[in-house]
Amino acid sequence: MQTYYYVLASQRFLTEEEPIDEVLKERTRHYHEQEKEIDFWLVNQPAFLEAPELAETKAKCPQPASAIISTNPQFITWLKLRLEFVVTGAFQAPSYTIPQPLASLASIS
Numbered sequence: 012m013q014t015y016y017y018v019l020a021s022q023r024f025l026t027e028e029e030p031i032d033e034v035l036k037e038r039t040r041h042y043h044e045q046e047k048e049i050d051f052w053l054v055n056q057p058a059f060l061e062a063p064e065l066a067e068t069k070a071k072c073p074q075p076a077s078a079i080i081s082t083n084p085q086f087i088t089w090l091k092l093r094l095e096f097v098v099t100g101a102f103q104a105p106s107y108t109i110p111q112p113l114a115s116l117a118s119i120s
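Per my numbering, the very first residue in the sequence shown carries number 12; after that it's consecutive.
Certain hints may be false.
DSS-like mimics (lysine-lysine), calculated; alpha carbons at most 30 angstroms apart, straight line [said to hold, decoys possible]:
hint	residue 1	residue 2
1	Lys71	Lys47
2	Lys47	Lys91
3	Lys36	Lys91
4	Lys71	Lys91
Label-pair restraints from in silico Cβ distances [said to hold, decoys possible]:
hint	residue 1	residue 2	range
5	Leu53	Thr108	15 to 25 angstroms
6	Leu113	Glu27	17 to 27 angstroms
7	Ala66	Glu44	35 to 45 angstroms
8	Lys36	Pro84	33 to 43 angstroms
9	Pro75	Gln111	13 to 23 angstroms
10	Tyr107	Asp32	30 to 40 angstroms
11	Leu116	Glu28	15 to 25 angstroms
12	Pro75	Gln45	18 to 28 angstroms
13	Glu46	Gln74	30 to 40 angstroms
14	Pro84	Pro105	13 to 23 angstroms
Because the hints were derived from the structure by calculation, they are not lab data.
Glycine residues also receive a C-beta, built at the ideal position from the N, C-alpha and C atoms.
Build the full structure now, drawing on both the sequences and the hints.
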């Protein structure tokens, strides 16, 4: 099992009010320059919030939510300091309650 770390906020805050696109593009560019594999993902309406053990976390965040998920805890800590109004945490997956760590409940239009 892999540990995934996340910052969680309302979708509106994370994708509209914060310049997160810029941050993620810069991080992606840096990873490519370093020939490092991407270890972070932006997920709208993350399915991991449906796990019973994360019910309290889900209740703390306005819905619909978005999350930046990473296997790098330092990146999530840096985002928490930069974004301020987010919830952070971690989970292990795949598991019985979280079979797909990067799954989304958002419908594709």
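Next item on the list: Could you tell me which of the hints above the structure violates, numbers in ascending order?
Entry: 1, 8, 12
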